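Chains as they are written, first to last, in our numbering: chain L, 1 to 247; chain S, 248 to 369.
No lab work stands behind these hints: they were computed from the structure. Hints should not be assumed to be uniformly reliable.
Residues from chain L that face chain S, not an exhaustive set, calculated with beta carbons under 7 Å [to be verified]:
hint	residue
1	R18
2	P74
3	L77
4	R78
If the Cβ cut is set under 8 Å, some of the chain S residues that face chain L in the computed set are [unchecked claim]:
hint	residue
5	L299
6	I303
7	L307
8	T343
9	R347
10	A350
11	A354
12	V355
13	R356
14	N357
15	D358
Restraint-style ranges between C-beta atoms, simulated for each label pair [said to hold, decoys possible]:
hint	chain 1	residue 1	chain 2	residue 2	range
16	S	I331	L	A71	39 to 45 Å
17	L	V81	S	D298	51 to 57 Å
18	S	E348	L	D127	32 to 38 Å
19	S	A302	L	L241	39 to 45 Å
20	L	G207	S	R336	47 to 53 Å
21	S	L307	L	A62	51 to 57 Å
These figures come from a predicted structure and were not determined experimentally. By construction, the Cβ of each residue, glycine as well, lies at the ideal position given by its N, Cα and C atoms.
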Amino acid sequence: MSSVPSRSEIAPLPGGVRIAPEVARGTWVVIPVYNEARAVRAVIRGLREHFPNVVCIDDGSADGTWEVLRAEAPHALRHFVNRGQGAALQTGTAYALRHGAERIAHFDADGQHRVEDLARMATLVADGSCDIALGDRFRGETAGIPTGRRLLLRTAVLFHRVTSGIDLNDVHNGLRVLSRSAADRIELTADRMAHASEIIDLIARSGLRVAQVPVTIHYTDYSKAKGQSWTAGFRIIFHYLVGKVLG
Amino acid sequence: MTVFQIFLLSVLSLGTATVLLLAWRRSMPRFAAAVIVAVLTGGIVFSVKPDLTTAIAHRLGIARGTDLLLYILVLAVLYGFIAIYLKLRRVRRELTLLVREIAIREAVRNDEDASKRARGES
């Protein structure tokens, strides 16, 4: 049994970021994991020092991810067949809400997000400054973002300006914090990657208050190889539009 | 009557008989059976009198009977694809809900509450 720090032991974060223990405790961090056995262990260890409730969903991995999660994750769930990132997020969210989560955080398994960014976003949602906090890498000091990736993400922003009439800087950042009521109102039905667009649509419709928080993304060779390509982008748009029409 | 006509007729008749039998035994909805029998009967009529398709085509402003059949086929295939796609979407959705429920029920806990329970504290 791995040890999990108790309330009094929550460790200080880099950069002088502080998070109240009760805020950390009420923020359930949902991490969809698909074939990330190499990277996810460090991510979980980095998180659970500060956030006791980390929910990892193995989305039908074939690389020993489940063994890592079962040993390391405070809450380890498993899709026995792959259902996609959106489905895994919704599974983790449903689980956390059933266990009384006050906030839901989305965090990536590949190590590109920083725990201190999450802590700042969780605090913003907890003190009522907003209902949803979205990570914004373009105002943060994101190092090493490849030009092609930057262009792709900018295109996604334009796409949403047209389809949802919403003006956000960074619509496809995987780092988000939602209040319980916001998470309750979103049911991600897009199983695969179009879920990011579903969240944006919900925000546009619901009138929930959004904060865009500058965050830093670590672009390592590992995470670059895992990111979405242009062809994937078009596939996502297709799924998103079909979903919009068919409901 | 050509060899192909005989072949087509026997296949279509056999199909019609099967559908009628299934409907008779109530293992197929009456409406579906009626539609299928109508299509198969049309096929039988057209294979006996191929020129009939051309006559109908002319009435609809289409030059040849084969073209008429081709257009009907295209529409039928398109309908089939859309119907199957919608069905597939529904099945995928249901599969996700099933996988989700199993994942939640069989969650493994390593958190503080779980270790307290393991130590026998409440």
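Interface hint check: A354 (chain S), Cβ to nearest Cβ on chain L, cutoff 8 Å. Holds or violated? 5 Å, holds
So, L77 (chain L) near chain S? Judge it on the closest CB pair being under 7 Å. 4 Å, holds
With a cut-off of 8 Å on the beta carbons, see whether V355 (chain S) makes it to chain L. 4 Å, holds
Honestly, do V81 (chain L) and D298 (chain S) meet the 51 to 57 Å range at C-beta? 54 Å, holds
Once the shortest beta carbon distance from N357 (chain S) to chain L is found, is it less than 8 Å? 5 Å, holds
Is the interface hint satisfied for R78 (chain L)? The criterion is a beta-carbon contact with chain S at less than 7 Å. 6 Å, holds
Against chain L, run the beta carbon of R356 (chain S) and see if the smallest gap drops under 8 Å. Interface hint status for R356 (chain S): holds (6 Å vs cutoff 8 Å).
So, L299 (chain S) near chain L? Judge it on the closest CB pair being under 8 Å. 40 Å, violated
Between E348 (chain S) and D127 (chain L), is the Cβ distance one that fits in 32 to 38 Å? Given about 34 Å between the Cβ atoms, the range holds.
Measuring from the C-beta of L307 (chain S) to each C-beta in chain L, is the shortest one below 8 Å? 31 Å, violated
Report holds or violated for the interface hint on D358 (chain S), using the least CB-CB distance to chain L and a cut-off of 8 Å. At 4 Å from the nearest chain L Cβ, D358 (chain S) passes the 8 Å test, so the hint holds.
Against chain L, with CB atoms and a cut of 8 Å, does the hint on A350 (chain S) hold up? 4 Å, holds
In summary, the structure is inconsistent with hints 1, 5, 6, 7, 20 from the numbered list given earlier, while agreeing with the others.
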